[in-house]
Amino acid sequence: MELKPGSRWKSAVCDAQLVVVRPPSAPGELQCGGAPVVPIDDASAPGGAVHPDFAEGVLIGKRYTDEASGIEVLGAKAGKGSLAFNGVAMTIKGAKPLPASD
Amino acid sequence: MRTPLLLDIAADACCDRQALGGRADGVDFDGYRARATRVAAWLAGKGKANTAFLGMNGTALPLLLFASGMAGTPFVPLNYRLADADLNKLVARSAPAVLIADDDMLARIAPVEGVELVARSDFEAEFLGDETPEKVELPEADNDIAVLLFTSGTTGEPKAAVLRHGNLTSYVMSTVEFLGADEEEAALVSVPSYHIAGISAILTAAYGGRRIVYLPAFTAEDWVATAAHEGITHAMVVPTMLDRILDVMAETGETLPALRALSYGGGKMPEPVIARALEMLPQVDFVNAYGLTETSSTIALLGAEDHRIAFASDDPQVRRRIASVGQPLPSVELEIRREDGSCCAPGEQGEIHVRGEQVSGEYLHKKAIADDGWFATNDAGWLDEGGYLFVEGRLDDVIVRGGENISPGEIEDMLRTFDDIADCAVLGIPCEKWGEKVVAVIVSRSGHPDTTAMAATIRTKLRSTKTPEQWFVRDALPYNETGKLLRRILKAELAEEVCAG
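Those sequence lines, one after another, are chains A and B. Under the working numbering, the first residue of the first sequence carries the number 1, and numbering increases by one thereafter. Under the working numbering, the first residue of the second sequence carries the number 1, and numbering increases by one thereafter.
These aren't lab readings, by the way, just hints derived from the structure by calculation. Being a predicted model, the structure only gives us computed values, none of them experimental. Mixed in with the good hints, there may be bad ones.
Here are the simulated DSBU-like pairs of lysine-lysine, each with C-alpha atoms no more than 30 Å apart in a straight line [stated by the list, open to error]:
#: 1; chain 1: B; residue 1: K135; chain 2: A; residue 2: K4
#: 2; chain 1: B; residue 1: K437; chain 2: A; residue 2: K4
#: 3; chain 1: A; residue 1: K96; chain 2: A; residue 2: K62
#: 4; chain 1: B; residue 1: K484; chain 2: B; residue 2: K466
#: 5; chain 1: A; residue 1: K62; chain 2: B; residue 2: K484
#: 6; chain 1: B; residue 1: K46; chain 2: A; residue 2: K96
#: 7; chain 1: A; residue 1: K4; chain 2: B; residue 2: K366
#: 8; chain 1: B; residue 1: K48; chain 2: A; residue 2: K4
#: 9; chain 1: B; residue 1: K135; chain 2: B; residue 2: K268
#: 10; chain 1: A; residue 1: K4; chain 2: A; residue 2: K96
In isolation and in its complexed conformation, chain A is listed as follows:
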């Protein structure tokens, strides 16, 4: 899976959609709900179950990171599964939104 900046992905097990903002420093697997994500234009509908260890959900507009690899992902659509990189749960990036300036 080539996790290029700007590449779009979706969960295989829930409604979440994702955009890679920063690539990982080394190749690896982006997962949602415990299953590898699939390219956004993949025709298959979500199936299977969200793994209970990765069921905290993806929120729209939030950014998720994995500190070790540096990968950063934007939640473009919400879903029930939560994100992991190579099996390690990703954490929400607590950036305070800035006021609109233009």
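Model the placement of chain B on the given structure of chain A, informed by the hints.
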């Protein structure tokens, strides 16, 4: 990452939210993207390298910006305020291009090889119909230049600043929360398309999920009427606009209850104007933003809370921050440097340097960024102990009098505290004895300014070398349409007067 992605994910997530135009007759996000893809396919079919635009603000503009990104043709908005000869030079420099121009501007353009002219009315008839068209699937383009913006060129030929997709998307994604706007939010855009704020407004609104309403061209009356009618919540204005908007509000009694946030930038906001604005619009959050074309817009901002704290403070160090541009964005690094490249201490003036992904620091065929990524802004400024940035204007505007560097901003701020002064500029005029001497140009409210008394006050509060040696009284000062004082014009006029005198 490319700019069309910003629209694409917004359109997927909130397809039926209003995106462009009026509440009643606007275009939703789905229609926005679908129309942009059709424009992109049309542009790709033309096979020209660039997409140029000459015209007033309107829905055609964001469609062209995103479509250019989809088609891989840099978007080149041209300044319709230029004289025909200068405009035609830029038209020629944008070749080979498709140039979409307002119908009443077509006659201004001299035919040139490689530039295909399209009347805006034809463009709008084709792409801005009421029916939402079918989206076109396009291959991902690979040209990574998103926008070419010609700088104002006050010192010679305008330079074409290059903004890459990576610069712009980085700026948007690091400053705006994706779909952070609620459905009621709407931004009123009145800065022209050839200004960086006009470009960034389109991108941040799309990503934030905020509707854009355009004023074709700014008048304070139209601005207030449109803001009221459209329930505008957000807007960006330049200093001269805000003063006139407040006048119209006072005359009409309009209070703009929907308005939540006003950002300003593009020049120094006189403190009396911002004080009046805070009083007349108590529900509004004010944001002062500082940025350059070469930095993809904002790099520092003074937020609403900063405004309130500064205004309420008795501590002069905090109080004066109302005149600052706040703190650098978390996503950029900012340093003030001396001429030898070393960093200035707090309170010490030097040149503002900036580094970050949003910083392009690049002109066509010429990189202006250091190998380590730092960009010298050519703006003079300083940071206070709390890290608040004060911008003193262009480095070229600093007056060098007998070897002493004097920044006009400090003297102008002092002048503005006199009730009789409606507007002012302080400039250095060539002089045999000192190299340059300090002169003040003022607009007097009474028509009979007591410059002797003013000079005496400045001498006491600043020092004698900073006291204007000559005073000129004018009815008005020259500004460009985005509120920038045209110092060079003023300086040239004065140099003649001083010589003649």
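Verification of the hints:
1. B:K135 with A:K4: holds (25 Å)
2. B:K437 with A:K4: The given pair, whose Cα atoms are some 57 Å apart, is violated under the 30 Å limit.
3. A:K96 with A:K62: holds (11 Å)
4. B:K484 with B:K466: Answer holds: B:K484 to B:K466 is near 23 Å, not above 30 Å.
5. A:K62 with B:K484: Distance of about 37 Å is beyond 30 Å: violated.
6. B:K46 with A:K96: Given that 30 Å is the threshold and the Cα spacing comes to 43 Å, the pair is violated.
7. A:K4 with B:K366: Status holds; Cα separation ~28 Å.
8. B:K48 with A:K4: holds (28 Å)
9. B:K135 with B:K268: violated (44 Å)
10. A:K4 with A:K96: holds (25 Å)
In this structure, the hints that do not hold are numbers 2, 5, 6 and 9, in rising order.
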